[in-house]
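Number of protein chains: 2
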Amino acid sequence: MNPPLNIAIAGLGTVGASTVRLIQSHGPLLAARAGREISIAAVSARDRERDRGIDLARIDWEDDALALATRPGIDAVVELIGGADGPAKELVEASLGAGRHVVTANKALIAHHGTALAKLAEDKGVSLRYEAAVAGGIPIVKALREGLAANAVERVYGILNGTCNYILTTMRETGREFDDVLAEAQALGYAEADPGFDIDGVDTAHKLAILTALAFGCEIDFDAVHIEGIRSVTADDIRFAEELGYRIKLLGIAQKTEDGIRQRVHPSLVAHGAPIASVEDVFNAVVAEGDFVETTLYEGRGAGGGPTASAVVADIMDVARDDGVATFAIPADQLSPSRPAPLEHRVGAFYICMTVRDEPGVMADITAVFRDERISLESMLQRGRSPGEPVPVVLITHETEEAAMIRALARIAGLETMTAPPRMIRIETL
Amino acid sequence: MNPPLNIAIAGLGTVGASTVRLIQSHGPLLAARAGREISIAAVSARDRERDRGIDLARIDWEDDALALATRPGIDAVVELIGGADGPAKELVEASLGAGRHVVTANKALIAHHGTALAKLAEDKGVSLRYEAAVAGGIPIVKALREGLAANAVERVYGILNGTCNYILTTMRETGREFDDVLAEAQALGYAEADPGFDIDGVDTAHKLAILTALAFGCEIDFDAVHIEGIRSVTADDIRFAEELGYRIKLLGIAQKTEDGIRQRVHPSLVAHGAPIASVEDVFNAVVAEGDFVETTLYEGRGAGGGPTASAVVADIMDVARDDGVATFAIPADQLSPSRPAPLEHRVGAFYICMTVRDEPGVMADITAVFRDERISLESMLQRGRSPGEPVPVVLITHETEEAAMIRALARIAGLETMTAPPRMIRIETL
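Protein sequences appear in the order of chains A and B.
Everything in the first sequence is counted per my numbering, starting at 345 for the first residue and increasing by one.
Everything in the second sequence is counted per my numbering, starting at 345 for the first residue and increasing by one.
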């Protein structure tokens, strides 16, 4: 048997503690599968006294996480601190710089600095692994990097944030409004006290940026991701969408186009029959479409101590076997520069929700705008009548270029009978 | 850049031709991701003249596949001949024996001889890879072997045969009977002229036996798989199941129990809400449940040239990188002996379909049998009335031990009012 892989873990929150628990409870299993023992040599966290329900008695403690990077005898550093910059980045840079492998669950770090860190790792001949950064326990990084490596990927998309999916699922099931469900999710611990990172789509965008680099072999470009969150989705939208045969999901979508790679995060109408439409509650799912494999789907828990630790330790085992795979499937110095495709060129169908005063001629005004922009309509819903009062009107368009839709919405917003700005949600053909 | 990986391909049917096409069309992509060029040095197939739509001009030809095993300059042999024994087995044994890596799509070979072949490969210090043998393009072998390697797997199950899933889906959608749909599937090329291998569950069992070894670290034991196919599933069964909230799927299920590992292939009633229930047509899906990752699902095309070639070439790329992973996740000489758990000990619910003469007292006789076996009933369906004539009666039981159900069915079969043998389908809680 080979000598043990000595690891140091920085950060002992939920994921860090679960990682320690997993390694301690599955020692012989991990050794058999990794070809060598995985030994936790040192840990670091903010509070040494806190009871985490794990036994740290025989593990060295460092008050300063950064010291782990150069601590003698460490083969790999596991970064579970979090945050795109600050101590996490310092630790990862210093560890790679010192020739240690790094395993991290830090999506913000990889999304913002992944290309540079990958170059550093590959210069130093060590591994940088981040399976836990995308979709928690689902081994989607490995699937894209290795399992589907024979394919030219055409599109990759997914439900990448469990909090948003939980909120949208609950809104649909209960008919309640966003604010109400968010407050409940916060009370239950499914959403953070400061939920912006999740519900405004930033977390999904971090994960998408990573998937994009892996799938298309380009440098990570988080700034190229178009990001919309789910705050503006209403109970009415969800109900109308259901009636029209769709479910609303927050999707991250990356697609190869003639213009380059288009990356976007936004609420999307997805037909009931699409496999991803039935992914509910806190579950995540990713669909990868390759030219030979066609469509594949991966579903599981996208967060939580156990699933995330599963991914972290799988990475550690890959490191233990020294599997020779590049950080983003191809060597970092061969990644192509990002070439973002503008969203305005996207061609797709739209769901439009308008609140209009119920009076003669309203529909004529609206449809005239669509006619002028050469946007054809597939269906229209107007529920209830109350002359002179505001009523919701919902339209589904046929496929049109996004630029035309933006012009049409601007004109419709200016119509005198519109009592609130019109809202649109993109319909995705999956 | 490392020297090319020189491969030889034996068998140029649909999968072999697609594999050649993939490698020829994606040369630079594969080289970037594998770290070295993948070069097809030689091929062998039965008919040299046949037009396969691929360019073999610059590839050496061997009339005798077995010659590839010892042909100078070959690093890896790709076996796409098929069959558990005969030329495929000879070639794989000879290739491993000669110190060449082997990649195969041959589920029968691995299911029957996997343990011995893995030992041979590992003795010789080479890789034996078989991603394409299970669920086509879905990288489920890699997921179990590496992505979920940190978990103790508790259960793995799946829809592993596209032909059966297509037939069951079509029966449900059209209300037609099995024989009729099978004939159509044969006409469309979705089912073989000799369909037994698929519809009697043997193909599913091959794949399940492989998943079992991978998931639980035990020697492959195909003979321990309880196998039932789908020939006896009727249009009535499917309709009744739908009415009761279930879909019928042919599942392969392997589960760790106190008695050992239970492996079984049979039609199963699956609740509509289960993710695998919505996997339809020719699609395959596998669910793996680990103690840390919890439930994960993998879905995609389980057959066809493109998806299978995707898996074959992914294996070739792993071989090119020399990733150091054992054949069945742990070294073959550490696989535990098979310890099959008897099916009679399974505890679960059942769907029972009986055809009885519609007369007073029938239900009293039937329910008395269940009472005697301490089997409690959850629901009963009897559609239509025609006094004195045979009518179908459907029961759903609560959970009971399978042995009790077998005794009950034997007694019910003997009731004078029963006009045909009662049939049962297991209900799976997924």
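Simulated from the structure, these hints should not be mistaken for lab results.
Some hints could be false.
No copy labels: a pair is met if it fits in one copy or bridges any two.
[To be verified] Cross-link-like lysine to any residue pairs, in silico, SDA-like; alpha carbons within 25 angstroms at most: (1) K433 - L532; (2) K468 - G668; (3) K468 - G589; (4) K463 - N346; (5) K463 - P372; (6) K463 - E722.
Provide an ascending list of the numbers of those earlier hints which the structure does not satisfy. 1, 3, 6
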